[in-house]
Amino acid sequence: MTTATGGHDHGHIHPPAPQVEEISDYSVLEIALRELAIEHGLFTAEEHLHFTEWAEKIGPASGSRLVAKAWLDPEFKKLCLTDANAASKAVGVDWLDPTGAGTPSDYTHFVVLEDTPTLHHVIVCTLCSCYPRPMLGNSPYWYRSTNYRRRLVRWPRPVLSEFGLIVPPEVEVRVEDSNQKCRFMVMPMRPEGTDGWTEDQLAEIVTRDCMIGVASPKPGRTADKHPIHKARHPVGHEPKPMGVAE
Amino acid sequence: MSSSSKNTPVCRFKVGDRVRIKDQSWLFYSRVQLYARGVEGTIARLNYTDLVAEDETFNVEGEIEQHYIVQFRQQDLWPEYAFPNDTLQSEYPDRWLEPLNNSQA
Numbered sequence: 023m024t025t026a027t028g029g030h031d032h033g034h035i036h037p038p039a040p041q042v043e044e045i046s047d048y049s050v051l052e053i054a055l056r057e058l059a060i061e062h063g064l065f066t067a068e069e070h071l072h073f074t075e076w077a078e079k080i081g082p083a084s085g086s087r088l089v090a091k092a093w094l095d096p097e098f099k100k101l102c103l104t105d106a107n108a109a110s111k112a113v114g115v116d117w118l119d120p121t122g123a124g125t126p127s128d129y130t131h132f133v134v135l136e137d138t139p140t141l142h143h144v145i146v147c148t149l150c151s152c153y154p155r156p157m158l159g160n161s162p163y164w165y166r167s168t169n170y171r172r173r174l175v176r177w178p179r180p181v182l183s184e185f186g187l188i189v190p191p192e193v194e195v196r197v198e199d200s201n202q203k204c205r206f207m208v209m210p211m212r213p214e215g216t217d218g219w220t221e222d223q224l225a226e227i228v229t230r231d232c233m234i235g236v237a238s239p240k241p242g243r244t245a246d247k248h249p250i251h252k253a254r255h256p257v258g259h260e261p262k263p264m265g266v267a268e
Numbered sequence: 759m760s761s762s763s764k765n766t767p768v769c770r771f772k773v774g775d776r777v778r779i780k781d782q783s784w785l786f787y788s789r790v791q792l793y794a795r796g797v798e799g800t801i802a803r804l805n806y807t808d809l810v811a812e813d814e815t816f817n818v819e820g821e822i823e824q825h826y827i828v829q830f831r832q833q834d835l836w837p838e839y840a841f842p843n844d845t846l847q848s849e850y851p852d853r854w855l856e857p858l859n860n861s862q863a
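Chains as they are written, first to last, in the working numbering: chain A, 23 to 268; chain B, 759 to 863.
Derived from the structure by calculation, the hints contain no laboratory data. Note that CB positions come from ideal geometry on N, CA and C, so glycine has one too. Don't take each hint at face value.
[Claimed, not checked] Covered stretches of chain B (chain A as the covering partner; in silico rule of three or more C-beta atoms under 8 Å from a C-beta of chain A):
#1 770–778
#2 815–826
#3 844–857
[What the hints assert, rightly or not] The following residues of chain B were derived to be distant from chain A, with all beta-carbon distances above 12 Å:
#4 Asn765
#5 Pro767
#6 Gln782
#7 Glu798
#8 Ala802
#9 Gln832
#10 Glu838
Bound-form chain B, shown alone (with noise of 0.2 Å):
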């Protein structure tokens, strides 16, 4: 899917970077789960760069973004959970992101 953006796309992380997805308002539509919100996690891998989904579901000419998978520990999302190496995995654009102590940004 492309777009008629035309901005350098916002990456402010790399691979091994610690960040936890912001627990931010959104309008009518988004992508990020409310299981997420708040927890901490790590950059597992840089996909692509695009729209978020939140301006391209209303057709709006929103900026170009590197979209990340963030590698979560089961017991950081479920503090219940009982298998410490278990993890889960999802996919967030930049503006979710904040970085943790040991990311520039």
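Next comes chain A alone, as it looks inside the complex (with noise of 0.2 Å):
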């Protein structure tokens, strides 16, 4: 078909397509409230920029460190699971700092849920995109997705499996759907083959994947990869129409 210079003998040049993408609504939106509240001088825009920068680069890792300290240290996993609040000062994330109103997430009661042999959490947030953004960052975009929301909470395991994460049948699978202020993130259990490891080859292997749920710590998968399946039809080589010849 048309090649990438847009050239295919017909006697004229298709344009290239504009390279510009569509903006959401919610980014008109974003950009509108921002501006107002710049205005009306709630914050500068110097305090903006700054806040942005920090919020968007934080990463998994204090997830991943919190884990890892509680498979090696049976008091700290309690306090995870009673006060998680407290536990994540630990691995220094307090979910009050530094505006004192708990951003960069919206809201700061966190909740750990603890994986066993017998139960696997995951978490989703059906309403919108509710994630434990202190410990974990921002949300992968699937994890934002309709498709992820609305499919999890009612096909769990189809959904795991398309991950690549198969729950066995007598392990319950339990969806938790954070719809009002709670912030969840799942430990998972402590992989076989780790013993002796230290705090932080442990944490190497707990990925954000695995604190959503749809993956489990393994020896050596240190990253969240996920399989591409190429198109079966891919855009440009559609068959050709019966009967057009070669």
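Quick one: dock chain against chain with the hints and give me the complex.
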């Protein structure tokens, strides 16, 4: 069909497609709200920039550290399960820092969900995209997709299997739909083959997906890589209609 | 998040109580999912006391209420669900819960 330059031998050249992504209604709303807040002196543009830069660079490292610590220290694990906000401070996360209003999470009631040999947790927010951002940073794009949100509550096992996680039928799958002011994180089970590991080694295998609950930690698995399935009918390789000459 | 309301929080349930999520009307905004309305579950945890979202969103000085985690059996939410042990948990303020026989209220 067409080539990269857009020329294809019928006497004219197609202009390249515009390289502008459509801006969503929510982006427009965010810009409007932000500019209004700056105009009214709620915060300055510089403060906003400073805060955004800080918030954007939070990753899941604190969550990984929290789980690794809990695997090694039963007392700390108990604290995670009874007072997760206090436990967060041990890995350098104060849910009320730095604004005193709980940002970058909108709410600050933090709960850690413990997996056991008979129970597997997975988190979702069907209403929007609630996520334990102080611990895990910004959520991955698929966590915010309506596809994940609407399907996980109803068909959790098929959705988990799409992530490559097959939960045995005898293990209870518990979906935690965070619809109000609690923010949840999964504490997965420590896998076999990690005896004698240090906290650093353990933290490496507790990836973001393990703490969402769509993956389980394994020795050697240190990144959340999802399989990319090649398109069966890729664009530009449409079969020719019947009867068209080569 | 705090509020200027000073009422004694409404807290009718304890862990293990059976409840039903009310199927009641709301104005413009609610955080109670349609899929949970009218469904029976069990109180799994008492969380915190705070304004209910339906009031907070309009900056209304409403009443402070206890918020609970309610656990549902997946088969109670979706009749065709195949795994009897699977569960789903979500959070509701007191006013959205209706006691079933074993609760005093």
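A quick look at each hint next to the structure:
1. 770–778: Coverage by chain A is violated here, the residue count being 0 at a Cβ distance below 8 Å.
2. 815–826: Violated - the region 815–826 of chain B has 1 residues with a Cβ nearer than 8 Å to chain A, which falls short of three.
3. 844–857: Since 8 is at least three, the answer is holds.
4. Asn765: 18 Å, holds
5. Pro767: 14 Å, holds
6. Gln782: Its Cβ never comes within 12 Å of chain A, the nearest being 16 Å, so this holds.
7. Glu798: 16 Å, holds
8. Ala802: 10 Å, violated
9. Gln832: 8 Å, violated
10. Glu838: 9 Å, violated
Hint check: violations occur at hints 1, 2, 8, 9 and 10; the rest are consistent with the structure.
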